[in-house]
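Number of protein chains: 4
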Amino acid sequence: MSNLRNLINDLVIANRILSHEDVVDAYGHVSVRHPDDPTRFFLARSLAPEFITTGDIMEFSLDGAPVGTDKRAPYLERFIHGGIFEARPEVMAVVHAHAEDILPFGLTGGTPLRPVIHSGSFIGSDVPVWDIADKFGDTNLLVANVEQGQDLAKCLGQNSVALMRGHGFAAAARSLIEVVRMSVYLPRNARALWRAKQLGGDIKYLRQGEIDARNRGYSPYSVETWRAWHYWATKAGVGNMVTRPDAKVAVSRKGAKLAKKPAKKAKLAKGKRK
Amino acid sequence: MSNLRNLINDLVIANRILSHEDVVDAYGHVSVRHPDDPTRFFLARSLAPEFITTGDIMEFSLDGAPVGTDKRAPYLERFIHGGIFEARPEVMAVVHAHAEDILPFGLTGGTPLRPVIHSGSFIGSDVPVWDIADKFGDTNLLVANVEQGQDLAKCLGQNSVALMRGHGFAAAARSLIEVVRMSVYLPRNARALWRAKQLGGDIKYLRQGEIDARNRGYSPYSVETWRAWHYWATKAGVGNMVTRPDAKVAVSRKGAKLAKKPAKKAKLAKGKRK
Amino acid sequence: MSNLRNLINDLVIANRILSHEDVVDAYGHVSVRHPDDPTRFFLARSLAPEFITTGDIMEFSLDGAPVGTDKRAPYLERFIHGGIFEARPEVMAVVHAHAEDILPFGLTGGTPLRPVIHSGSFIGSDVPVWDIADKFGDTNLLVANVEQGQDLAKCLGQNSVALMRGHGFAAAARSLIEVVRMSVYLPRNARALWRAKQLGGDIKYLRQGEIDARNRGYSPYSVETWRAWHYWATKAGVGNMVTRPDAKVAVSRKGAKLAKKPAKKAKLAKGKRK
Amino acid sequence: MSNLRNLINDLVIANRILSHEDVVDAYGHVSVRHPDDPTRFFLARSLAPEFITTGDIMEFSLDGAPVGTDKRAPYLERFIHGGIFEARPEVMAVVHAHAEDILPFGLTGGTPLRPVIHSGSFIGSDVPVWDIADKFGDTNLLVANVEQGQDLAKCLGQNSVALMRGHGFAAAARSLIEVVRMSVYLPRNARALWRAKQLGGDIKYLRQGEIDARNRGYSPYSVETWRAWHYWATKAGVGNMVTRPDAKVAVSRKGAKLAKKPAKKAKLAKGKRK
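Protein chains in written order, with the numbering used here: chain A, 1133 to 1406; chain B, 1133 to 1406; chain C, 1133 to 1406; chain D, 1133 to 1406.
Among the clues, some could well be false.
As the list makes no split between identical chains, a pair holds if one copy fits it or if it spans any two.
[Said to hold, decoys possible] Capping the alpha-carbon separation at 35 Å, the derived lysine-lysine pairs in DSBU-like fashion look like this:
1) Lys1267 <-> Lys1329
2) Lys1267 <-> Lys1286
3) Lys1286 <-> Lys1336
4) Lys1203 <-> Lys1267
5) Lys1203 <-> Lys1286
6) Lys1286 <-> Lys1329
7) Lys1329 <-> Lys1203
8) Lys1203 <-> Lys1367
9) Lys1203 <-> Lys1336
Just so you know, these hints were derived from the structure itself, not from any lab. Only a predicted model underlies this, so the values are computations on that prediction, with no experimental measurement involved.
All chains should be modelled from the sequences, with the hints used to inform the complete structure.
Here it is, written out as structure tokens:
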């Protein structure tokens, strides 16, 4: 149960980071699969991510139905999460957001979104664009039922990110830390590519071997990855909620006040060097 | 009378949101029609929207004359509001602003501003550009009398937004919540289109059927729409002023301190699910 | 003497506004001519504008020499101010800054900087570009002596703004309020033009008659102009320093806390309506 | 020893400035060579620069090995620093960062990054682009060993900055103050060039003679250079740590509260005028 509590904490942290880093605003959401029951996932009730606390997390089955008697209003688009968790057993966390700087790449095929910077490698070499109109015709563009969620998941396939035309993106990863990181760097990669396009000349995308090399070396608890998670959480005001599975004790409250004092007792950096 | 007080509160909230979301700065304003007298509307005295409180709201007739003996200095361009309220009986709220990112679309016909993202759908499929010089020749570009306000309203026609060449935009909607939302997402839609243009290739605009579908489903008090209003108000520092017509009591003061504690008592999300 | 104290206060306010609005950073400065002695002007000692208070203001003669025995380090480029005050007797205030978004227009003649938005009208229809290399060859680009200041002033001529190639701009106006306003809207006008350029099609610049009409109507103490000065000062943290020459008393301290309470006693808006 | 303490303080300040000015985020680092032992350098342990305090600084030999028994996790890419310090005896400080706005110039040869604005002059007339794949094939793009660090240093040659394709940049200078300044203005120069490119026409780069003139006049303790260091440090919340080698006493704590009171005792500006 303690693990579950930490996971819910991490989900709250993920919400706050995505809000503070401008990936979500009043809209957009992040979910995590139940570690003990792959047919269920956690997602907040309908609330702006910046305001979410542990009490706002709901539990859903893969068809988007709330578990038990929870009557609170859920996010309309919870079917995005259910659809992807159903289709991809190895995926443990999903983000859906409208991050502004990725939108242009869903509006035109003129320049496909592909990784150009090392921090963007985790989006993978292929980022498909899902157009809800292809199968469902004229809609309000929202993923509002199981069938639409499944169709989006089908378009996503084995990739990490799918753009949604005129709407946003869906991202899937093996952990909350990874899906948050991917979602933060996805817009940055988009901006770098968009600007490079304006400078003229041929663009050097990441090589497939580079994408693969980075993917192989990834671990959510490496010193390097953890550093960003801790940094983003602290900036978002929830540094005090950060815990590490392999740490004896939770990280101290130092995050609450940014960098005022030396963090003498922090054990964070003593993990395995890489 | 209680309803009127809530409406004035909402008008203050609208001012603060538009300022916090960078739609207005020292200039720009938002009005709401009097619910009981369609020949009158409310608009603040001449003051930067960020500073406006309930005591700053004035009442005007459609010709821009202050009601009663109110001697405070009004906004020069109140004729924009009067002109649109006169021409469009169903319109209940109007925004005029200089939001920077929409300006380029009023300066050239090279790329018409049209909806490309779902949150931009409410601007409607046609966004006319009003050029004050067409009828009035060399002016200071400000809408400074009834005739100019009426001419702008004529150009707006049955649309939701008109760009004003070299100046800004005017937006009209059925409620304050809707006109604020439209004004916040208008610049975002403009940026997405402007950037897509730079990526090359054909741009996929929203389909007419999609615009219609979104318009049909809109309600200012749906869970989804309310979530953004509450979020923006809280970020702008007036979360404590938010009220819901169908709620028994006003929302608690939780907004004053951003997301520090779980909002255990919030009833906001218990409305009708959609 | 009381007037002089108010003018020094206004100069401090101008410094803070320009810093808060990102026109200056550690570099850039604003000056005002001595109201009783046209051969002298006030300018801060060498300090970032954000930190400047009344005690930091120095007095200079038009050749850039400090008046009296003041030994504090002055800005290196005070010759910009002296040169313009010498050449333009009607100019009462000067800004020099490196505002990032105007720099591109000094680097290429591909798109001349001209007014396209109404708030940019005060820069005037012609914005010459001064290249220090034309007369002085290889320098460090700084205006470091009287001769260079005079040459810049010559290029400025009767215009309001001159761009300085690879460096920034110099702006001149009839009052501090006007030169600050011009300096804040200059980058905004530049961005609108730059983005319009990317949208394709012919750009509609402000018409000469429009520029003239706006210029005729300008007054630093009009309700409209004052509203922005008061707004910017308050946002920059010096709302409490704002005074109005035609007001009986100084504006209250309400600015110190942004928009927390209704400003019941504010007399600001009771001036002449226009 | 007192000098060493000041140097470590300056290194902390450098970290905070680079973070506050958006040059680094969770990633990126700055080092300084040991003043008494050119075979050693100081660099923080693996921690986001915003959080670094004096206790986080580690000492390394040029091969990237921690000195003594320090077991804390170091930055993976410390080999960038070692490689450059080894190859360039006159270099005293190094920055590596991923500043977003320089990335496009490493992705395409369409528009080489060169100085166009005076504050960008210190990057030098030639900014080579290092592609790790040229020698090392498919990697995770990180500079993870001595050989890679040496190869990057070789590409840098006698220049001040090298771009790293798909990754970021490395900058080298004669002092911490200089390398920080260069790193802050590098992205600004990149943006000015990128935007000028969009305006059309031929771009006027800084002339070689101008770059040389600026370089000759540079001193980390000139009034002008110091002004920016003091400004950036204060904005980053470490104004109280600022010291000047030629000052009798440390700068007072005024920086802790931004510009609230006149800095009556500040001796900063009394240095040599230039």
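Right, here's what the structure says about each hint:
In this homomeric assembly, Lys1267 and Lys1329 come within 35 Å of each other (Cα to Cα) both inside a single copy, at 32 Å, and across copies, at 26 Å. Taking CA atoms no more than 35 Å apart as the test, Lys1267 paired with Lys1286 passes inside one copy only; the shortest distance there is 12 Å, against 39 Å between copies. For the identical chains of this complex, Lys1286 and Lys1336 are neighbours both inside a copy (29 Å) and across copies (22 Å), given an alpha-carbon limit of 35 Å. With identical chains, the CA atoms of Lys1203 and Lys1267 are at most 35 Å apart within one copy only, with a shortest distance of 31 Å there and 57 Å across copies.
Taking CA atoms no more than 35 Å apart as the test, Lys1203 paired with Lys1286 passes inside one copy only; the shortest distance there is 30 Å, against 48 Å between copies. Proximity of Lys1286 to Lys1329 under the C-alpha cut-off of 35 Å is found in both arrangements, the shortest distances being 30 Å within a copy and 29 Å between copies. In the homo-oligomer, the alpha carbons of Lys1329 and Lys1203 never lie at most 35 Å apart, since the shortest distance is 49 Å inside one protomer and 44 Å across protomers. Both within a single protomer and between protomers do Lys1203 and Lys1367 lie at most 35 Å apart by alpha-carbon distance, with minima of 33 Å and 27 Å respectively.
For a Cα distance limit of 35 Å, the shortest separation of Lys1203 from Lys1336 qualifies neither inside one copy, at 51 Å, nor across copies, at 38 Å.
The structure fails to meet hints 7, 9 from the earlier list, while all remaining hints are met.
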